[in-house]
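*Asks:* Below are the chains, spelled out letter by letter.
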Amino acid sequence: MGSSTYMPKSKVGKWFEERLPIMGLMHSTLGAGYNAPRNLNYWWNFGSLAGFMLVVQILTGIILVMHYTPNVDLAFRSVEHIMRDVNYGWLMRYTHSNGASMFFVVVYVHILRGMYFGSYKSPREVLWFLGLVIYLLMMATGFMGYVLPWGQMSFWGATVITNLFGAFDFYNGMGESILHLLWGGFSVDNPTLQRFFSLHYLFPFIIVGVVILHIWALHLPGSNNPLGIDAKGPGDKIPFHPYYTAKDALGLSFFIVIFALFVFYMPNIMGEPDNYIEANPMVTPSHIVPEWYYLPFYTILKAVPDKLFGVIAMFFSILIFFVLPWLDGSKVRSAKFRPATAFFFWLFLVNAIFLGYLGTKLPSEIIINMGGGIDALTLGRIASVFYFAYFIVIIPVVSRMETTKPVPTSIAQSVLDARKEG
Amino acid sequence: MTTNDQIEHEEEVTRRNFLYVATGVVGAVGVASVAWPLVDQMNPSADVLAMASVEVDISPIPVGQTISILWRGKPVFIRHRTEKEIARGVSENNDPMIDPADDQDRAQKPEWLIMIGICTHLGCVPLDNTEFQSGDYGGWYCPCHGSEYDIAGRIRKGPAPRNLDLPKYKYLSDTTVKIG
Ligand code: HEM
Ligand code: FES
Numbered sequence: 001m002g003s004s005t006y007m008p009k010s011k012v013g014k015w016f017e018e019r020l021p022i023m024g025l026m027h028s029t030l031g032a033g034y035n036a037p038r039n040l041n042y043w044w045n046f047g048s049l050a051g052f053m054l055v056v057q058i059l060t061g062i063i064l065v066m067h068y069t070p071n072v073d074l075a076f077r078s079v080e081h082i083m084r085d086v087n088y089g090w091l092m093r094y095t096h097s098n099g100a101s102m103f104f105v106v107v108y109v110h111i112l113r114g115m116y117f118g119s120y121k122s123p124r125e126v127l128w129f130l131g132l133v134i135y136l137l138m139m140a141t142g143f144m145g146y147v148l149p150w151g152q153m154s155f156w157g158a159t160v161i162t163n164l165f166g167a168f169d170f171y172n173g174m175g176e177s178i179l180h181l182l183w184g185g186f187s188v189d190n191p192t193l194q195r196f197f198s199l200h201y202l203f204p205f206i207i208v209g210v211v212i213l214h215i216w217a218l219h220l221p222g223s224n225n226p227l228g229i230d231a232k233g234p235g236d237k238i239p240f241h242p243y244y245t246a247k248d249a250l251g252l253s254f255f256i257v258i259f260a261l262f263v264f265y266m267p268n269i270m271g272e273p274d275n276y277i278e279a280n281p282m283v284t285p286s287h288i289v290p291e292w293y294y295l296p297f298y299t300i301l302k303a304v305p306d307k308l309f310g311v312i313a314m315f316f317s318i319l320i321f322f323v324l325p326w327l328d329g330s331k332v333r334s335a336k337f338r339p340a341t342a343f344f345f346w347l348f349l350v351n352a353i354f355l356g357y358l359g360t361k362l363p364s365e366i367i368i369n370m371g372g373g374i375d376a377l378t379l380g381r382i383a384s385v386f387y388f389a390y391f392i393v394i395i396p397v398v399s400r401m402e403t404t405k406p407v408p409t410s411i412a413q414s415v416l417d418a419r420k421e422g
Numbered sequence: 001m002t003t004n005d006q007i008e009h010e011e012e013v014t015r016r017n018f019l020y021v022a023t024g025v026v027g028a029v030g031v032a033s034v035a036w037p038l039v040d041q042m043n044p045s046a047d048v049l050a051m052a053s054v055e056v057d058i059s060p061i062p063v064g065q066t067i068s069i070l071w072r073g074k075p076v077f078i079r080h081r082t083e084k085e086i087a088r089g090v091s092e093n094n095d096p097m098i099d100p101a102d103d104q105d106r107a108q109k110p111e112w113l114i115m116i117g118i119c120t121h122l123g124c125v126p127l128d129n130t131e132f133q134s135g136d137y138g139g140w141y142c143p144c145h146g147s148e149y150d151i152a153g154r155i156r157k158g159p160a161p162r163n164l165d166l167p168k169y170k171y172l173s174d175t176t177v178k179i180g
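Order-wise, the sequence lines are chains A and B.
Residues in the first sequence are numbered from 1 upward in steps of one, following my numbering.
Residues in the second sequence are numbered from 1 upward in steps of one, following my numbering.
There could be a bad hint or two in this list.
Said to hold, decoys possible - Per the computed footprint, the stretches of chain B lying under chain A, defined by three or more beta-carbons under 8 Å from a beta-carbon of chain A, are:
hint : stretch
1    : 36–45
2    : 61–74
3    : 143–154
As the list claims (entries may be wrong) - Derived Cβ-Cβ restraints for the label pairs, each shown as a range:
hint : chain 1 : residue 1 : chain 2 : residue 2 : range
4    : A       : 282       : B       : 60        : 14 to 20 Å
5    : A       : 122       : B       : 21        : 51 to 57 Å
6    : A       : 176       : B       : 47        : 15 to 21 Å
7    : A       : 318       : B       : 30        : 33 to 39 Å
8    : B       : 40        : A       : 268       : 37 to 43 Å
Simulated from the structure, these hints should not be mistaken for laboratory data.
Note that beta-carbon positions come from the ideal geometry of N, C-alpha and C, so glycine has one too.
Extracted from the complex, chain A is given alone in its bound form (with noise of 0.2 Å):
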């Protein structure tokens, strides 16, 4: 953002951005105005897929609020008439669930992004920032919206996440007033529903302001890039419009293509039969799992035996990314150049990953059939602690005894010689 060359050709257009330079403001933020590293590859696709996302998430959560009742006696039956009844309701609303776990995706690999290219690194802290309060906003409206049909899965969900808020039982009877102040009663019931609607409608657009900042943040020192050097003469630098806008487009085609055919074709496939069956107090499903999305934290609560530790390590293990930029010592950004870091990343993700497995099982299921058999609550232990020292020991000690590959002197210069080479 900022000042910009920006020229209206048409009088109207003049006069009108005379008064309000908003045009302007576009041009220099995603058109031709706003000049990118040249060397941008598809995953920096994944930013324009999140702001899609969002809009499609705005765009149709609208429209079911349009047929949806947020009260404990109307809402699963009518979640089931947009799905029967309602024109294309079945449509809105495999598009809104399916956008959550597709919006969660990208983010995912947006993330993942950073973290590989070393994006979080200064100049670009507060930019870091910013990007965590988005993802802990899409947690919290993607939790509030898993509530509303007021399914089995809804209910036992909202009851199990609600209650880590009781851990913090720091005097006597703390934790209950706290639960109650959540609840607005004494357990899950018609209160809650009805502040997790209004919530869940309101978060999305505390999104799209910080979105607005995160992007503001962006464009002070500009994109990261692969190489993760600065850009800085016109050789290293193509406009946004059309280079990026193109390739973000061709990038959207394929993404909509993967995400159609999970709305289409297997629209059921990431949420849970049990959400099915409407919410009863008096029976917990046998098998409670939350979202994937949120699957590796899960794990990390079960694997601490105590409630509160439990409680606070997962929270800890998502604010953790806070600091990542002191963590990380290294005078590189791009694990390109980092072979070390580039291993542990890795590492890290399969961890990740077998983590979120992990969440999906029982803590005395037999995961590895040797000896007398390894449970899930073993490696789930097993894995939350390497989790913990990627960040604790790994990062801040590897990133500072490395010594890194050769950084080439300008990304021009890389292009040139990637030229020659091939």
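Dock chain B with the ligands against the given chain A, drawing on the hints supplied.
*Replies:* Just chain B with the ligands now, kept in the frame of chain A:
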């Protein structure tokens, strides 16, 4: 404000500081008093608080059976315990426990175990293992994260920190109990 002014009005600076701080304090109190209703509206409303207690006729529950009733949106277990179960509960009084309690303190009448059927970990409804005295502790098993409760609802294994909570209750007669 010029330098001249500053010298001339030096004592006024303290006066201005005072006004500045006073305004801030009054403002803060004002904001806090407006904020409280905004927060407190989240707490249980009058009708929820007024939710009546329930009276249960326990005479139809045979020995060795549990019923669940809904009270304040939560299940309450009422178990008619067998002699064997009571004996087991008492005999395990000195076993290692996360939240030590004597069997005698878990029920007003030992044959009637009345507990809130909500796992003290994160609020799932534990499953009943009492019938066949299965599992290591023969009581309740929480499917969510594997907490195990014994035949007196005492937490013996797993992440839950407390024994199953006991609601307030009173015997109105030999066969009716009032919960809440
Ligand atoms: C950040 C963006 C959003 C995310 C991640 C999100 C996520 C979710 C999820 C996971 C569900 C449960 C879907 C199901 O299993 O049926 C849901 C339901 C719902 N959402 Fe959203 N949502 C978002 C934005 C919105 C917005 C902006 C609105 C309203 C304007 C909205 C309205 C609804 C409604 C009415 C439901 C209940 C109907 C249903 O279950 O399909 N959502 N949302
Ligand atoms: S809720 Fe029962 S063990 Fe977690």
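*Asks:* Give a verdict on every hint.
*Replies:* Here's how the hints hold up against the structure:
1. Against chain A, the stretch 36–45 of chain B contributes 5 residues with a C-beta closer than 8 Å to a partner C-beta. That satisfies the three-residue criterion, and the hint holds.
2. Only residues whose C-beta sits within less than 8 Å of a C-beta in chain A count toward coverage, and the stretch 61–74 of chain B has 5 of them, enough to reach three; the restraint holds.
3. Counting residues of the stretch 143–154 of chain B whose beta carbon lies closer than 8 Å to any beta carbon of chain A gives 4, which reaches the threshold of three, so the coverage claim holds.
4. Restraint check, residue 282 of chain A to residue 60 of chain B: a C-beta distance of roughly 18 Å satisfies the suggested window 14 to 20 Å.
5. A beta carbon spacing of about 38 Å between residue 122 of chain A and residue 21 of chain B contradicts the range 51 to 57 Å that was offered as a hint.
6. Distance hint check for residue 176 of chain A and residue 47 of chain B: the Cβ-Cβ separation is about 20 Å, which falls inside the suggested range of 15 to 21 Å.
7. Checking the proposed 33 to 39 Å range against residue 318 of chain A and residue 30 of chain B shows it holds: the Cβ atoms sit about 36 Å from each other.
8. Separated by about 41 Å at the C-beta atoms, residue 40 of chain B and residue 268 of chain A satisfy the suggested range of 37 to 43 Å.
This entry does not satisfy hint 5, going by the numbered hints stated previously; all others are met.
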